[in-house]
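K.L.:
Spelled out, the chains give:
Protein chains: 2
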Amino acid sequence: MSSVVNSSVCVKFFSMRTLKEAIRPTTFIVSSKLNDALGLDITIASETFQHTGSFKFRAAYNLALSVEQDEILTASSGNFGQALAYACKLTGKRCTVVMPETSAQVKIDAVRGFGATVDLIDTKQIGRNERVAELAALMPEAYHASAYDDEYVIAGNSTLGDELAGKGFDAVIVPVGGGGLISGVVTGLCRSGDTAEVFGAEPLIGNDATRSFREGRLIPNDTEPTTIADGARTISLGKLNWPIIRDGVKDMIEVSDEKIADAVRMYYGLANLKSEPTGALTLGALLEDLERFACKRLCIVVSGGNVDPAVYKELI
Amino acid sequence: MSSVVNSSVCVKFFSMRTLKEAIRPTTFIVSSKLNDALGLDITIASETFQHTGSFKFRAAYNLALSVEQDEILTASSGNFGQALAYACKLTGKRCTVVMPETSAQVKIDAVRGFGATVDLIDTKQIGRNERVAELAALMPEAYHASAYDDEYVIAGNSTLGDELAGKGFDAVIVPVGGGGLISGVVTGLCRSGDTAEVFGAEPLIGNDATRSFREGRLIPNDTEPTTIADGARTISLGKLNWPIIRDGVKDMIEVSDEKIADAVRMYYGLANLKSEPTGALTLGALLEDLERFACKRLCIVVSGGNVDPAVYKELI
Numbered sequence: 058m059s060s061v062v063n064s065s066v067c068v069k070f071f072s073m074r075t076l077k078e079a080i081r082p083t084t085f086i087v088s089s090k091l092n093d094a095l096g097l098d099i100t101i102a103s104e105t106f107q108h109t110g111s112f113k114f115r116a117a118y119n120l121a122l123s124v125e126q127d128e129i130l131t132a133s134s135g136n137f138g139q140a141l142a143y144a145c146k147l148t149g150k151r152c153t154v155v156m157p158e159t160s161a162q163v164k165i166d167a168v169r170g171f172g173a174t175v176d177l178i179d180t181k182q183i184g185r186n187e188r189v190a191e192l193a194a195l196m197p198e199a200y201h202a203s204a205y206d207d208e209y210v211i212a213g214n215s216t217l218g219d220e221l222a223g224k225g226f227d228a229v230i231v232p233v234g235g236g237g238l239i240s241g242v243v244t245g246l247c248r249s250g251d252t253a254e255v256f257g258a259e260p261l262i263g264n265d266a267t268r269s270f271r272e273g274r275l276i277p278n279d280t281e282p283t284t285i286a287d288g289a290r291t292i293s294l295g296k297l298n299w300p301i302i303r304d305g306v307k308d309m310i311e312v313s314d315e316k317i318a319d320a321v322r323m324y325y326g327l328a329n330l331k332s333e334p335t336g337a338l339t340l341g342a343l344l345e346d347l348e349r350f351a352c353k354r355l356c357i358v359v360s361g362g363n364v365d366p367a368v369y370k371e372l373i
Numbered sequence: 058m059s060s061v062v063n064s065s066v067c068v069k070f071f072s073m074r075t076l077k078e079a080i081r082p083t084t085f086i087v088s089s090k091l092n093d094a095l096g097l098d099i100t101i102a103s104e105t106f107q108h109t110g111s112f113k114f115r116a117a118y119n120l121a122l123s124v125e126q127d128e129i130l131t132a133s134s135g136n137f138g139q140a141l142a143y144a145c146k147l148t149g150k151r152c153t154v155v156m157p158e159t160s161a162q163v164k165i166d167a168v169r170g171f172g173a174t175v176d177l178i179d180t181k182q183i184g185r186n187e188r189v190a191e192l193a194a195l196m197p198e199a200y201h202a203s204a205y206d207d208e209y210v211i212a213g214n215s216t217l218g219d220e221l222a223g224k225g226f227d228a229v230i231v232p233v234g235g236g237g238l239i240s241g242v243v244t245g246l247c248r249s250g251d252t253a254e255v256f257g258a259e260p261l262i263g264n265d266a267t268r269s270f271r272e273g274r275l276i277p278n279d280t281e282p283t284t285i286a287d288g289a290r291t292i293s294l295g296k297l298n299w300p301i302i303r304d305g306v307k308d309m310i311e312v313s314d315e316k317i318a319d320a321v322r323m324y325y326g327l328a329n330l331k332s333e334p335t336g337a338l339t340l341g342a343l344l345e346d347l348e349r350f351a352c353k354r355l356c357i358v359v360s361g362g363n364v365d366p367a368v369y370k371e372l373i
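Protein chains in written order, with our numbering: chain A, 58 to 373; chain B, 58 to 373.
Chain A extracted, bound-state conformation (with noise of 0.2 Å):
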């Protein structure tokens, strides 16, 4: 397997990368002008700079490496979308994305970009799930693949754990929509023994997560949220997540959109990094309660970067 990249002058053969060889390793990012403002020790992992930009190529490429079928189905708000149709094209693969309509454009373009179909639905009409189990009855032989309730995807995730793991980090905040990241990272910082406290970070508007955590029982919420957390639009963690956010993550935090807000224009303002709202989610679970987390090594994982330019500067 090869794959030819560049310009067509300059043709270069690479052989199929290992998950490890193809990802991006996380971007540390410690802004004092942050930090001074806050009066906090904050490092950023941002996963920004990853493979089409979010942190999801780490889940989708070890997917669309391991799985044997030669197409993958999935439905995705943008980020996966994006990055498994890439990943697909790294593996030489076929891939489907179901997305809602009111992606960001960006996303759909990305998804489109690499080869990907786009089957593009409205939410209120039908859901992700249904509109995909549709879809896998059209085509048996694919993969029908979870943007996060997937073992090979809270696999791929787990190696931002290890990234993060042996830094000193007294605390680590997470985004969290389905839970495919927050999995990752407990399970790559408890395979390394780091015993660094996880938080989870959700949109207030959709607070399934935190409404699950604290009755102990997986709660769904009964619509998709219209939280400007793209990312975190979800009904439910996934049922393979679940226990591993259960006895995993030492406390859930509820970010309402104000503070995702103001999230993301600090970042562009005092770290002169460009987030996606969803990806600026922990760092608003900062500003929800300063004093919580003083005098702590805190690591705050930035998700994503991608984000429509007509959305970023109405938040800018």
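Hints were generated in silico from the structure; no laboratory data involved.
These numbers were taken from a predicted model, which means no experiment stands behind them.
Don't take each hint at face value.
For identical chains, the list gives no copy identity; a pair is met inside one copy or between any two copies.
Unchecked claim - With a Cα cut of at most 30 Å, we get these calculated DSS-like pairs of lysine-lysine:
#	residue 1	residue 2
1	K296	K77
2	K307	K224
3	K224	K146
4	K77	K370
5	K370	K90
6	K370	K307
7	K353	K90
8	K90	K77
9	K370	K224
Position chain B against the provided structure of chain A, taking the given hints into account.
P.N.:
Frame of chain A, contents of chain B only:
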């Protein structure tokens, strides 16, 4: 010497740091989207996450650490002033910065935020260097630091050249205003025996470096150029920088303001990188002539990321 950081609750003491301890290593970013879009093999060396958001901290900290005077006076369109203000804060020195009143507001605010005195001037009425001379007469004890034409500045910037050395780049492209950064990069690469070709990228509006390079003698601009690359609104290359550039640079590339703007937009959309216009000069240089750099391992330096939101909104 010690400094108090973070919140007052959890006081930490640090001894004065050496230059290498104080600077943050440059951030290497490879964007497959950007590379695929241009058909080039580009590694971005981003100084946007350097302390105070630009490479200037390398120069400023070295200067503040090295000179014996307790007060430092400079003229700067913003990034050097901000960096010097922060470096003086860290080293316990006083700082006065002469800035054009047209400087980005975010940069003026930042300089003041670090405790420095800002002296705003109308550059149509008085040149920055003239105003500094006036102030220098009033402050005979102060060290007068050029933002680029100073041995300590070049030595500080040479640490970036050290970091770029040994990476196997065929060509390194560096933004050029007064020539302090490119002089440092040439010095650092040369010291390491790295044979990468170094190119300068400067605004077409204000192409004194290109004209100087082609004529083999220093030729200034008539007035401060009004390019959107506000970090490169310089009259002339520095006298100390000139021989290093003349002898160590392969070529100068003139970049139109349109291509600079395109580059800022491409960084936003394809690489999740927030660049200021001056930082985007080097990608702009590639956009001016894509064929020229085909099949080469390229490193393009993004010198900083500090840009007013109002300007950035227009650009993206």
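K.L.:
Now, for every hint given, state plainly whether the structure supports it.
P.N.:
Against the structure, the hints come out as follows:
{"no.": "1", "hint": "K296 <-> K77", "in the structure": "within (26 Å within a copy, 48 Å between copies)"}
{"no.": "2", "hint": "K307 <-> K224", "in the structure": "within (19 Å within a copy, 41 Å between copies)"}
{"no.": "3", "hint": "K224 <-> K146", "in the structure": "between (34 Å within a copy, 28 Å between copies)"}
{"no.": "4", "hint": "K77 <-> K370", "in the structure": "neither (35 Å within a copy, 37 Å between copies)"}
{"no.": "5", "hint": "K370 <-> K90", "in the structure": "both (22 Å within a copy, 22 Å between copies)"}
{"no.": "6", "hint": "K370 <-> K307", "in the structure": "neither (35 Å within a copy, 39 Å between copies)"}
{"no.": "7", "hint": "K353 <-> K90", "in the structure": "within (17 Å within a copy, 37 Å between copies)"}
{"no.": "8", "hint": "K90 <-> K77", "in the structure": "between (33 Å within a copy, 20 Å between copies)"}
{"no.": "9", "hint": "K370 <-> K224", "in the structure": "neither (35 Å within a copy, 36 Å between copies)"}
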